[in-house]
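Chains A and B, in that order, give the protein sequences.
Numbered by numbering that gives the first Met the number 0, the letters in the first sequence go through residues 0 to 233 in order.
Numbered by numbering that gives the first Met the number 0, the letters in the second sequence go through residues 0 to 233 in order.
Hints are supplied without guarantee of correctness; some may be wrong.
If several chains are the same, the list does not tell them apart, and a pair holds so long as it fits within one copy or across any two.
[Claimed, not checked] Derived BS3-like pairs (lysine-lysine); straight-line CA-CA distance at most 27 Å: (1) Lys48 with Lys212; (2) Lys88 with Lys212; (3) Lys31 with Lys48; (4) Lys113 with Lys211; (5) Lys113 with Lys212; (6) Lys199 with Lys37; (7) Lys48 with Lys113; (8) Lys212 with Lys60; (9) Lys116 with Lys212; (10) Lys113 with Lys37; (11) Lys88 with Lys199; (12) Lys31 with Lys211; (13) Lys113 with Lys204; (14) Lys60 with Lys48; (15) Lys212 with Lys87; (16) Lys88 with Lys211; (17) Lys88 with Lys144.
For the record, the hints were derived by calculation from the structure and aren't laboratory data.
The chain contents come next:
There are 2 protein chains.
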Amino acid sequence: MEIVIYLYNGITALDAVGPYEVLSRLPNANVKFVGETKGIIVSDSHFLKLVADYEISEIEKADILLIPGSVIGFLRETRKNNVKDWIKKIHQTTQWTVSVCTGSIILASTGILKGLKASSHWAVIHLLKDYGAIPALERFVREDKIITSQGVSAGIDMSLYLASQIGGVEQAKAYQLMIEYFPQPPLSYRSMEETSEETKLLARKLTEVRVKKDLSMFEMAKNFQSILKLRKGK
Amino acid sequence: MEIVIYLYNGITALDAVGPYEVLSRLPNANVKFVGETKGIIVSDSHFLKLVADYEISEIEKADILLIPGSVIGFLRETRKNNVKDWIKKIHQTTQWTVSVCTGSIILASTGILKGLKASSHWAVIHLLKDYGAIPALERFVREDKIITSQGVSAGIDMSLYLASQIGGVEQAKAYQLMIEYFPQPPLSYRSMEETSEETKLLARKLTEVRVKKDLSMFEMAKNFQSILKLRKGK
């Protein structure tokens with residue numbers, strides 16, 4: 000079971016690490032962290048760095064391909080033809096192609112999601128329409144072998160579902176027990192529907208802080224003014 | 000706000016990355032990933048590698064100290080006097096000292112938890128008693144400035160609580176929205192109480208696979224037979 004997780008600068012680490020923590024427990028799992036080039040990948044906060052042991056030119060196929068999200072980095076990926084061609088090529092070989100958060104925008108930009116329902120992070124899900132996908136704000140959405148999920152932590156739910164499809168419910172329950180995924184969010188605030196406009200506004204403001212940090216640290220601020228505008232929505 | 004996350008070989012990555020994803024959003028957060036020595040840290044599965052940008056000799060204080068867990072690596076840490084001395088020293092300076100999963104066993108081994116209630120992963124929580132701590136199988140347990148949490152994913156719940164204590168509930172709600180932490184575990188299996196003996200047995204069997212892989216890849220199998228026995232419980 001070859002599980003390929005694509006890493007790129009600006010990645011939201013939990014988007015990759017949540018699903019990895021579930022899927023790496025599948026029987027005979029071999030998880031490969033793959034970057035455009037090998038080496039250290041800097042996350043969106045710039046505090047956490049992960050290692051890509053492989054580069055895309057070394058990977059020809061996958062049983063599961065996972066594309067994680069990011070706060071702004073995903074828009075850089077949608078402009079890389081070599082990355083998009085690689086995703087399309089690997090997708091031809093997969094049993095499952097899945098994404099977390101804005102990873103679905105990257106998938107959509109390859110044309111894979113044309114005419115299909117797809118989920119993404121609430122703040123940018125409208126961008127899916129630019130690529131002919133149909134935004135569906137659900138925890139995760141399955142279209143045949145493609146599963147797209149909501150933001151960040153939703154990758155854990157999606158991966159448990161995926162694990163149950165691959166190894167059966169009893170295996171998936173054991174993974175859930177191993178990572179003690181019996182969530183008890185402490186703020187008595189349990190759904191998107193309960194979100195006030197104030198909370199949304201604060202979340203957007205805080206996201207912009209992370210976006211600006213990411214842009215400035217990559218010294219790309221000038222080139223990406225257009226992207227910043229895009230990110231703010233229509 | 001200096002947030003110090005201790006990394007070590009054998010770490011369960013989600014134990015560190017879950018809380019990081021929440022706490023890195025605190026106002027003026029500066030998150031430092033710190034190893035016994037600097038450089039690449041290999042996780043329990045050996046598939047994922049994280050980077051420790053600092054080493055313990057460079058860190059004198061922290062506002063938040065976080066000790067993540069592992070499947071077997073934690074027992075190696077409990078034998079390192081330099082690491083335990085460092086944890087005790089940093090703990091003197093913290094506003095909060097927190098752990099996820101078996102990180103509480105490391106904390107306990109420093110003497111910090113003596114006489115205090117503490118949580119940990121269900122499979123090894125009995126080990127806390129060896130260090131005079133009182134096992135409490137709760138999602139997370141607060142004792143003044145110390146918070147210990149259950150296994151792996153529980154670090155997300157604990158960190159949201161911690162964020163609410165530091166920055167207030169409205170801030171914490173915004174972080175929750177940013178990472179869309181509105182969990183919907185898909186297996187209709189929502190609490191430890193629902194766990195069958197079969198699921199527990201399978202989880203223990205799968206954990207041993209990971210333990211053995213970790214031990215063999217560190218070529219420490221011989222030295223750590225005693226640890227393997229310890230891990231299996233009393």
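Right, here's what the structure says about each hint:
1. With identical chains, the CA atoms of Lys48 and Lys212 are at most 27 Å apart both within one copy (15 Å) and between copies (24 Å).
2. Proximity of Lys88 to Lys212 under the C-alpha cut-off of 27 Å is found in neither arrangement, the shortest distances being 33 Å within a copy and 32 Å between copies.
3. In this assembly of identical chains, Lys31 and Lys48 lie within 27 Å of each other by CA distance both inside one copy and across copies; the values are 16 Å within and 11 Å between.
4. In the homo-oligomer, the alpha carbons of Lys113 and Lys211 never lie at most 27 Å apart, since the shortest distance is 31 Å inside one protomer and 44 Å across protomers.
5. Taking the closest pair of Cα atoms, Lys113 and Lys212 never come within 27 Å of each other, the shortest separation being 32 Å inside a single copy and 42 Å across copies.
6. Taking CA atoms no more than 27 Å apart as the test, Lys199 paired with Lys37 passes in neither setting, with 37 Å inside one copy and 38 Å between copies.
7. Within a single copy, Lys48 and Lys113 get their C-alpha atoms no closer than 33 Å, and across copies no closer than 35 Å, so neither meets the 27 Å cut-off.
8. Taking the closest pair of Cα atoms, Lys212 and Lys60 come within 27 Å of each other only across two copies (25 Å); inside a single copy the shortest separation is 34 Å, beyond that limit.
9. In this assembly of identical chains, the alpha carbons of Lys116 and Lys212 never lie at most 27 Å apart, being 32 Å within a copy and 40 Å across copies at closest.
10. In this homomeric assembly, Lys113 and Lys37 never come within 27 Å of each other (Cα to Cα): the closest approach is 30 Å inside a single copy and 45 Å across copies.
11. In this homomeric assembly, Lys88 and Lys199 never come within 27 Å of each other (Cα to Cα): the closest approach is 37 Å inside a single copy and 40 Å across copies.
12. In the homo-oligomer, the alpha carbons of Lys31 and Lys211 lie at most 27 Å apart only across protomers (20 Å), although the nearest pairing inside one protomer, at 30 Å, exceeds that limit.
13. For a Cα distance limit of 27 Å, the shortest separation of Lys113 from Lys204 qualifies neither inside one copy, at 31 Å, nor across copies, at 42 Å.
14. With identical chains, the CA atoms of Lys60 and Lys48 are at most 27 Å apart both within one copy (25 Å) and between copies (22 Å).
15. In this assembly of identical chains, Lys212 and Lys87 lie within 27 Å of each other by CA distance neither inside one copy nor across copies; the values are 31 Å within and 33 Å between.
16. Within a single copy, Lys88 and Lys211 get their C-alpha atoms no closer than 33 Å, and across copies no closer than 35 Å, so neither meets the 27 Å cut-off.
17. When the C-alpha separation of Lys88 and Lys144 is checked against a cutoff of 27 Å, the pair qualifies only within one copy, where the shortest distance is 15 Å, while the shortest distance between copies is 51 Å.
Checked against the numbered hints given earlier, the structure breaks hints 2, 4, 5, 6, 7, 9, 10, 11, 13, 15 and 16 and satisfies all the rest.
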